[in-house]
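A.B. asks: So the protein lines, in turn, are chains A and B.
Last residue of the first sequence? That's 366 in the numbering used here, and every number before it is there in order.
Last residue of the second sequence? That's 324 in the numbering used here, and every number before it is there in order.
These are calculated hints, taken from the structure and not from any lab test.
Be careful, since some hints might not be right.
[As the list claims (entries may be wrong)] Now the stretches of chain A that chain B is said to cover, found in silico as 3 or more residues with beta-carbon under 8 Å:
(1) 118 to 129
(2) 144 to 153
(3) 166 to 178
(4) 341 to 353
[Unchecked claim] Result set (DSSO-like, lysine-lysine): computed pairs, CA atoms no more than 27 Å apart in a straight line:
(5) A/Lys155 with B/Lys265
(6) A/Lys313 with A/Lys53
(7) B/Lys19 with B/Lys33
(8) A/Lys326 with A/Lys306
(9) A/Lys186 with B/Lys33
(10) A/Lys240 with A/Lys155
(11) B/Lys219 with A/Lys155
(12) B/Lys219 with B/Lys253
(13) B/Lys265 with B/Lys286
Everything numeric in this text was worked out from a predicted model, so none of it was measured.
A virtual CB, placed ideally from N, CA and C, is assigned to each residue, including glycine.
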Amino acid sequence: MNAGSLSLTPSKPRPAVSSPLTGKQLLRLYYLMIVSRIADERALIAHKQGRIGFYVPAVGEEAAEVGSVFALSPEDWIFPDYRGSGIALAREMPLKIFFDQVLGNIEDVLKGHSMPSHWGDSSLNIVAPSSPICTHLSHAVGVAWAAMMKREKMVTISYFGDGGTSSGEFHGAVNLAGVFKIPTIFFCRNNQYAISVPVDRQTAVTNLAEKASAYGITGVRVDGNDVLAVYLATKEARQRALRGDGPTFIEAVTYRLGPHTTIDDPMKYRGKTEEESAWKRDPILRFSEYLTTLGLWDMEKDQVLRNKIKEDVNLAITNAKEVPKPEIDSLFEDVYSTSPWHLDEQRMEARRFVASKRQIQ
Amino acid sequence: MELTLVQAVNDALREEMKRDQRVVVLGEDVGKYGGVFKATDGLQAVFGNERVIDTPLNEQAIVGASIGMSLKGLVPVAEIQFIDFIHPAFDQIVSELSKMRYRSGGQYAPHVVIRAPFGAGTKGGPYHSQSSESYFVHTAGLKVVIPSSPAECKGLLTSSIRDTDPVIFMESKRLYRSVREEVPEGEYLVPLGKARNARPGKDVTILTYGSMVQVSMKAAEVMCEEDVDVEVIDIRTLMPLDIETVVASAKKTGRIVIVHEAPKTMGFGAEISALLSEKAFDYLKAPIIRVTGYDTPVPFSLEDQYSPSPERVIAAIRNTMAY
Numbered sequence: 006m007n008a009g010s011l012s013l014t015p016s017k018p019r020p021a022v023s024s025p026l027t028g029k030q031l032l033r034l035y036y037l038m039i040v041s042r043i044a045d046e047r048a049l050i051a052h053k054q055g056r057i058g059f060y061v062p063a064v065g066e067e068a069a070e071v072g073s074v075f076a077l078s079p080e081d082w083i084f085p086d087y088r089g090s091g092i093a094l095a096r097e098m099p100l101k102i103f104f105d106q107v108l109g110n111i112e113d114v115l116k117g118h119s120m121p122s123h124w125g126d127s128s129l130n131i132v133a134p135s136s137p138i139c140t141h142l143s144h145a146v147g148v149a150w151a152a153m154m155k156r157e158k159m160v161t162i163s164y165f166g167d168g169g170t171s172s173g174e175f176h177g178a179v180n181l182a183g184v185f186k187i188p189t190i191f192f193c194r195n196n197q198y199a200i201s202v203p204v205d206r207q208t209a210v211t212n213l214a215e216k217a218s219a220y221g222i223t224g225v226r227v228d229g230n231d232v233l234a235v236y237l238a239t240k241e242a243r244q245r246a247l248r249g250d251g252p253t254f255i256e257a258v259t260y261r262l263g264p265h266t267t268i269d270d271p272m273k274y275r276g277k278t279e280e281e282s283a284w285k286r287d288p289i290l291r292f293s294e295y296l297t298t299l300g301l302w303d304m305e306k307d308q309v310l311r312n313k314i315k316e317d318v319n320l321a322i323t324n325a326k327e328v329p330k331p332e333i334d335s336l337f338e339d340v341y342s343t344s345p346w347h348l349d350e351q352r353m354e355a356r357r358f359v360a361s362k363r364q365i366q
Numbered sequence: 002m003e004l005t006l007v008q009a010v011n012d013a014l015r016e017e018m019k020r021d022q023r024v025v026v027l028g029e030d031v032g033k034y035g036g037v038f039k040a041t042d043g044l045q046a047v048f049g050n051e052r053v054i055d056t057p058l059n060e061q062a063i064v065g066a067s068i069g070m071s072l073k074g075l076v077p078v079a080e081i082q083f084i085d086f087i088h089p090a091f092d093q094i095v096s097e098l099s100k101m102r103y104r105s106g107g108q109y110a111p112h113v114v115i116r117a118p119f120g121a122g123t124k125g126g127p128y129h130s131q132s133s134e135s136y137f138v139h140t141a142g143l144k145v146v147i148p149s150s151p152a153e154c155k156g157l158l159t160s161s162i163r164d165t166d167p168v169i170f171m172e173s174k175r176l177y178r179s180v181r182e183e184v185p186e187g188e189y190l191v192p193l194g195k196a197r198n199a200r201p202g203k204d205v206t207i208l209t210y211g212s213m214v215q216v217s218m219k220a221a222e223v224m225c226e227e228d229v230d231v232e233v234i235d236i237r238t239l240m241p242l243d244i245e246t247v248v249a250s251a252k253k254t255g256r257i258v259i260v261h262e263a264p265k266t267m268g269f270g271a272e273i274s275a276l277l278s279e280k281a282f283d284y285l286k287a288p289i290i291r292v293t294g295y296d297t298p299v300p301f302s303l304e305d306q307y308s309p310s311p312e313r314v315i316a317a318i319r320n321t322m323a324y
């Protein structure tokens, strides 16, 4: 039982571990965190302006998402949930692909079939998520299992929240992975809330990583606002998996600074004071202070970088908005490998209505 | 060689595992024990415990892991011990297996077969005798296949394993050991999406599948004595349905009886009935009649009364002829 080996250090202004990365890598990490933050912030603004219909921000969870993805290799498969802007962007998903997905336009790689913020792209080994909770954990187990059978050196990682650990799917997948020593990582972002329900209403244990011991696997609790600690914990878990020592459950303790989604209002269930105190532990602020103490960063550089990213993000949103919606036929694509007669019939019917363009006012 | 239906399942799995290294079998008790119905008997001894896997007791993980394995190039054939126990995996089947190809814009397409015994007739009661096909037929992205005899079973299961879409393959427990017939050796395929005319006739069409084909054939033979020539269509693939064969038969006879074990209301028969009213209305000489299980849970003691019997099918045929 390794729970607690990397403990929560919320009050410390700098990471609890010394840097395992080069200066260039540290700056890359910071860049990815900022891209994620600004993409989320701009998307929320665009939503308020009515330019985006729905969005799931990961504000506050950048260290957990970016730090963990940074520890993986490109051949590793990622199974995100729907709160994954930092995951997609840390995998170097271009902003165009990112926002084409949010708009569900004709250039979206998911063909506009999935809801906004459900990013996936097979060229990046990010498996497009669904919305039910933790159903993707067993998929990550299955992919890693098949890789193990094929003697391929790769791992899988699945992302979920504290609420997810209450689901039956979580239990089924983690249990299975434990039995067969599957090279996978279960990455829990304990962001303190499942929509409105706080983590102490999800479980009577205070340390989610302890759950790992019930499945005979390694559990690690890490400060999820410490990007380097997250990076190290994930890297270790990856090595453990590749050594044949089985899966790891990582609990990254963090805080969801934003709403659950654009249709949520956190003020209904938590106070401003709580949020304000959480903002003081902002992982980006903390990492920038660390980079500054190392002499790698300063306020001026920060402003230049943020302005540049804001421009890039705004442009990506504007461009994605201008790309047309998918053609009517795409509604019927990818249901089966080939279209059966009843879908052919329904497609013809839908085409006729599109062609007629008559609408009852 | 003469095989029972459960032996035909075993034969199909064995052939496909020999032919295709990607095929793996997983489920509860499928390995050492060979499955509670012995459908996977002896497979682990031949193919090893890496390809014939005894899993923990958790259907959602069995289906979920199968989905994952298929994304990485394997072809998993998962066994769910009874269709009654597939329901814990409902989310995996309805939200994941069926929709993954769609939601990913075709990037991730699970190639998985889920086998499960179903149906009444073996005194299973509420939790070992259900017929759950309608749930899956109603879910876009799934194929649903139900064989009616050992040879059909081998051919359809082989095609299901080779089909790149997810298939729910339901095996009638009642048929597992009650019928023995000649099953072709080696590779044998029966195409999906094609119904079978099990008994050509001109007066009445029975549309049915699974063990109800046998029940319907018995009824058809009895009706010969009354000079009624009954056609029996074995649907075989419920999704996608072979609409051409169904409509052609309806146009020929104009009288339709639909027979299935699953409950009546909103069952598969309701859909066929609606389709025929859309596509063959002018040819119908009488209202379409459904002979089905009742809209109750399956009772233990009165299970034989629950399922359609030849007598109930005969009564329906007489009714439609008298209309």
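A.B. asks: None of the hints should be skipped; say for each whether it holds.
C.D. replies: Evaluated hints:
Counting residues of the segment 118 to 129 of chain A whose CB lies closer than 8 Å to any CB of chain B gives 6, so the stated coverage by that chain holds, three being the minimum. Coverage of a stretch by a chain is defined here by at least three residues with a beta carbon nearer than 8 Å to that chain's beta carbons; for the segment 144 to 153 of chain A and chain B the count is 9, and the condition holds. Interface restraint, the segment 166 to 178 of chain A with chain B: holds (5 residues with C-beta to C-beta distance below 8 Å; minimum three). Counting residues of the segment 341 to 353 of chain A whose CB lies closer than 8 Å to any CB of chain B gives 5, so the stated coverage by that chain holds, three being the minimum.
The straight-line distance between the Cα atoms of A/Lys155 and B/Lys265 is roughly 47 Å, outside the 27 Å bound, and the hint therefore fails. Using a Cα cut-off of 27 Å, the hinted pair A/Lys313 and A/Lys53 holds, with the two alpha carbons roughly 22 Å apart. For the hint pairing B/Lys19 with B/Lys33, the CA-to-CA distance comes to about 19 Å; that is within 27 Å, so the pair holds. Simply put, A/Lys326 and A/Lys306 have alpha-carbon atoms about 30 Å apart, too far for the 27 Å limit, and the pair is violated.
Of the supplied pair hints, the one linking A/Lys186 and B/Lys33 holds, its CA atoms being roughly 20 Å apart against a limit of 27 Å. Between the alpha carbons of A/Lys240 and A/Lys155 the distance comes to roughly 22 Å, so the proposed pair stays at or under 27 Å and holds. For the proposed pair B/Lys219 and A/Lys155, the alpha carbon gap of about 50 Å is over 27 Å, so the pair is violated. Taking the CA atoms of B/Lys219 and B/Lys253, the gap is near 21 Å; set against the 27 Å cutoff, the hint holds.
Between B/Lys265 and B/Lys286 the CA atoms are separated by roughly 22 Å; this keeps the pair inside 27 Å, and the hint holds.
Going down the numbered hints, you'll see the structure goes against 5, 8, 11, while the others check out.
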